[in-house]
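There are 2 protein chains.
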Amino acid sequence: MKIIHDPNQMTQIVNQHRKSSQSIGFVPTMGYLHLGHEALLKKAREESDIVILSVFVNPLQFNDTSDFESYPIDEKRDQDVARAHHVDYLFMPHANDLYKNKHAITMHVKERTGVLCDRSRPGHFDGVITILTKLFNIVKPDYAYFGKKDAQQIAIVDLLIETLNFDIKLKMVDTVRESDGLAFSSRNVNLEEIERTQASSIYASLKQAKQAILNGEKDPRRLVQTVEKTLQTIDTGQIDYVDLLSFPELEPIDRINGTIILAVAIQFEKARLIDNIVIDTES
Amino acid sequence: MKIIHDPNQMTQIVNQHRKSSQSIGFVPTMGYLHLGHEALLKKAREESDIVILSVFVNPLQFNDTSDFESYPIDEKRDQDVARAHHVDYLFMPHANDLYKNKHAITMHVKERTGVLCDRSRPGHFDGVITILTKLFNIVKPDYAYFGKKDAQQIAIVDLLIETLNFDIKLKMVDTVRESDGLAFSSRNVNLEEIERTQASSIYASLKQAKQAILNGEKDPRRLVQTVEKTLQTIDTGQIDYVDLLSFPELEPIDRINGTIILAVAIQFEKARLIDNIVIDTES
Chain G
15 MKIIHDPNQM TQIVNQHRKS SQSIGFVPTM GYLHLGHEAL LKKAREESDI VILSVFVNPL
75 QFNDTSDFES YPIDEKRDQD VARAHHVDYL FMPHANDLYK NKHAITMHVK ERTGVLCDRS
135 RPGHFDGVIT ILTKLFNIVK PDYAYFGKKD AQQIAIVDLL IETLNFDIKL KMVDTVRESD
195 GLAFSSRNVN LEEIERTQAS SIYASLKQAK QAILNGEKDP RRLVQTVEKT LQTIDTGQID
255 YVDLLSFPEL EPIDRINGTI ILAVAIQFEK ARLIDNIVID TES
Chain X
15 MKIIHDPNQM TQIVNQHRKS SQSIGFVPTM GYLHLGHEAL LKKAREESDI VILSVFVNPL
75 QFNDTSDFES YPIDEKRDQD VARAHHVDYL FMPHANDLYK NKHAITMHVK ERTGVLCDRS
135 RPGHFDGVIT ILTKLFNIVK PDYAYFGKKD AQQIAIVDLL IETLNFDIKL KMVDTVRESD
195 GLAFSSRNVN LEEIERTQAS SIYASLKQAK QAILNGEKDP RRLVQTVEKT LQTIDTGQID
255 YVDLLSFPEL EPIDRINGTI ILAVAIQFEK ARLIDNIVID TES
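These protein sequence lines map, in sequence, to chains G and X.
Under my numbering, read the first sequence as residues 15 to 297, first letter to last.
Under my numbering, read the second sequence as residues 15 to 297, first letter to last.
None of these hints come from the bench; they were simulated from the model.
Cβ atoms here follow ideal geometry from the backbone N, Cα and C, with glycine treated the same way.
This list has only true hints and no planted wrong ones.
Sample of chain G residues facing chain X (criterion: CB under 8 Å; computed from the structure):
| # | residue |
| --- | --- |
| 1 | Pro21 |
| 2 | Lys33 |
| 3 | Met121 |
| 4 | Glu125 |
| 5 | Asp181 |
Okay, chain G solo, but in the shape it has when bound (with noise of 0.2 Å):
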């Protein structure tokens, strides 16, 4: 495995490998990595030619300074990972590389947004399209993996790539939980031991409500009042939002019908904790 660190070199390594016509999937990340992302590095090997996983901490899309500055870091156990699922190509590209000319050219999303986390993180999907578009330029891959946890960024990748005629699929990869069911995520790290019990009502409600669909339950208020009063045992958070909406477009439905996601925030003291299902209700 070769660690990069000029986007420059990464393009031409890239260049070679296009040149001998070999797929190159991608996993771009902000690194401390846990079994979510080696489960989009397991995924992204079995199917490209040459993996290529990014590790950036992307100060574009923090709206909180103090989430930015608490964000953990791990290096060497990233590196661990990476050379443990036979990544090609680690990218950690510095920030003043990457961003010496920051606000020059401003993207913003506009659709897929005003709702779920660009709510309470306002700012967040436009710096998330921003580095993407730069990466993918850097990194040309065919394929571009995201765990299904991050829905509402998947939505929006999925609206980047269509919108912005980007040659390169989106893959999507199931969310990876612990054995009580929280969905493991880079933040857990910051949860306090009674609020990591707690955290466990968070997929505990959103099964609950999957089960109330099966059942029939058709009316969307109803199931987002069940997985409300799921999550009040939850002393030690406050919810952010409880939401269920048409997926991919994540517009509010009035009946529960077609492809929909119910999707959950949690605040914590120190970290603020998100997931979701996807229902298809048609199949």
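Let chain G serve as the given structure and place chain X on it in line with the hints.
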């Protein structure tokens, strides 16, 4: 020469050529091709294995509806010109395909703006960088060719490529002029005869100022005044701007130094014409 309308088909074709390690030269235009465009095509043909010409009157870069509606179109002649220059692919996308979701993601350029054409055409360059991002992603060129007449466009494409890490080399081609010095432009066709005659003063005024610089004039204000005085002979049109700035940064300067641009825009009744000279005063 093949005419391609479908963006996906264009990308598939490009991918085949890239697999064969063929270089791709791209000339993005709004059609109604003149000798200025032909100079771009000639250069692209010399330097690239595959030449792609796009013709698309981009609604997003017109801030003025009547300007968009009066923009001249002659597809038949464009095809003849393209064939004469041995273009491999003439890409003529339809607005419906390219802008299915026009406002889902917006792009905004904040530097190298606020001066020259950006002042009288607010939003124009946002439209330019958006369509170019899309076309660059569809065509994946090695080289992209632009004429120096649109100097601010060149400065902004340079910024776009660097800021968003496009792996594309910007190629600048000299302005082509009629015998009396008027720069070729698709908009010249909208001039009345008397306007056309007077328009030759635009380049004359620039040449005069260039001579003054070569003679040692260092004061930007005096140079601008010289140009304005010569332009007063045009009584069928009004000066939109006469500006002297650093290039490509497009920042105001107190004294002639380094590389500078002297740029003019004249508003005639049905056509707004621009021209400029860029001078490296240290060479």
